[in-house]
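Below, each chain spelled out in residue letters.
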Amino acid sequence: MDKTVNQKAWFLVLPVFLVVAFSAVLPLMTVVNYSMQDTFGNNQFFWNGVGWFKELLDPSTDLGSRFLASLGRNLFFSLVILAIEVPLGIVIALSMPRHGWTVAACLVILALPLLIPWNVVGTIWQIFGRPDIGLLGYTLNAMGIEYNYVSNDIDAWVTVIVMDVWHWTSLVALLCYAGLKSIPEAYYQAAQIDGASRWAVFKAIQLPKMNRVLLIAVLLRFMDSFMIYTEPFVVTGGGPGNSTTFISIELVKIALGQFDLGKAAALSLVYNLIILIVCWVFYTVMTNAGVERKAQAEAEPAAERKPAGALQPAPALKPKEGVA
Amino acid sequence: MHSIPGRRVIMALFLIFLLLPIYWLVNMSFKTNSEIVSTMTLWPHAPTLQHYKRIFTDESWYSGYINSLEYVVLNTIISISVALPAAYAFSRYRFLGDKHLFFWLLSNRMAPAAVYALPFFNLYSAIGLFDTPWAVALAHCIFNVPLAVWILEGFVSGVPREIDETAFLDGYSFPRFFIKILIPLIASGIGVAAFFCFMFSWVELLLARTLTSVHAKPIAAIMTRTVSAAGMDWGLLAAAGVLTIIPGALVIWFVRNYIARGFALGRV
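If you're matching them up, the sequences are chains A and B in order.
In terms of the numbering used here, the first sequence opens at residue 1 and continues consecutively.
In terms of the numbering used here, the second sequence opens at residue 1001 and continues consecutively.
It is worth saying that the hints were derived from the structure and are not from the lab.
Treat the hints with care, since some could be wrong.
[Stated by the list, open to error] Straight-line distance between alpha carbons at most 30 Å, and here's what the computed DSBU-like set of lysine-lysine pairs gives: (1) B:Lys-1180 to A:Lys-209; (2) A:Lys-3 to B:Lys-1180; (3) B:Lys-1053 to A:Lys-8; (4) A:Lys-181 to A:Lys-209; (5) A:Lys-3 to B:Lys-1053; (6) A:Lys-181 to B:Lys-1053; (7) A:Lys-181 to A:Lys-3; (8) A:Lys-203 to A:Lys-181.
Chain A with its partners taken away, still in its complex shape:
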């Protein structure tokens, strides 16, 4: 199905373009403007050129060291939660019940954390982890494990990571579940006839079918964890010290706390640039995967048609899709 070229389609896209341009391009221009200037208050601005950017990328300055440290923490955080949430999400998707009311019940409970406002997620874990009134903190301390996310760096990190796993693993699981649901029953029957092992079924049938949704899951999880702000801010406030200060928290501190507009704007632009690059890489991979799939889909029926014309009409033998 080739798309037709039609320049009038721009009229259909125009509303979206205007709305997003209004809320993305205009503010971004302000940011660019600020990033080149310095201010001493009283709305007086001075040209500073690329000064802020130089400072930002130089680890010996205060701004640079803060930026690079929070960037490092944020990358580490994103990698850890991806390493936990993606495999766990796949396992959960594979563990979903097949029939009956339990399916709906599991889906609803899985989706529940996703619809809780982010600061309430923070509040829930703040309360849950407190050694005096929280079940988790109280139990751990009663068991003799010293746990206090307010004063101990490692405890704070563990809390933030467990919170994120609690909050977002469901997203990965639901995406994978959707991918699994699209596999026709016939594939499994064929695998059974071939005597394929459980692992072989996973590797040859389920994983390839989940490819595309997994890509979306990794993209969304990476991006959202890379700009995480509210949840750790509510729980730890970026502390103890600076140990859980991620980029967004640092940025808000500089912009709204210290009102250092130039520095904040420079940081914003570099931050945005990193996100844009990662996004572009994913987008390219995704479109390429789409093109490959299309080519495959086109090649398959063509191969089927040939013998059908020469011999007997065979398509009646084709198993119906989506029986299960």
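Go by the hints and put chain B onto chain A.
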């Protein structure tokens, strides 16, 4: 064949892990503050509704829920109505700069809210929308419109092109075809997209808090402020938290049959 050994145990453990912190919040919301602070009880021994009563009778509390719902609904309507034609265009036509435009939209979905907090504040103050639901609704469009386009594009592509062609041959004008034929066909897709717009607008706080001060303050922001002023009223905080979970839970219940497909953004 398709499932893994011990799947019931895994699922049960994970669901308990998900529900336990929520249970703790619900549990606390029914306790008196003295019970919360003085003893460790697994269920409320002297259950009380005082915290809920306070929220439902005090206007400064319940107006927060109304404000939040107001901008969430506004945002959902705006997002879906601008995204529908665009999704159709992206799905059916090729035009100058279409791929770049799509990528640009997608990249806005990923833009960190923290970057936009301050410029949005300036922008909406300048045009006089600051502290109105419109400001938050428009600001949330930055991530919801691209998402809606993305989801709806998947669903529109699932509608065979022959249907368009037949409709046009039958003399349908474009707007009439759109409303009478296309929209009913992708109704579930619209539902899914609306669900996602609702979800992301409902859970976002940073922008919502920055763009409001008194009249349009979302409940999530009222929660943090009032509690710190009252010197940690844990029971009240927990009750307010529980009440923010309920709209989400209701929405999930309505779309539970489409949830899996919806989370795959119509692209399985």
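message: So, against the hints stated earlier in the document, which numbers end up violated here?
response: 1, 3, 5 and 6
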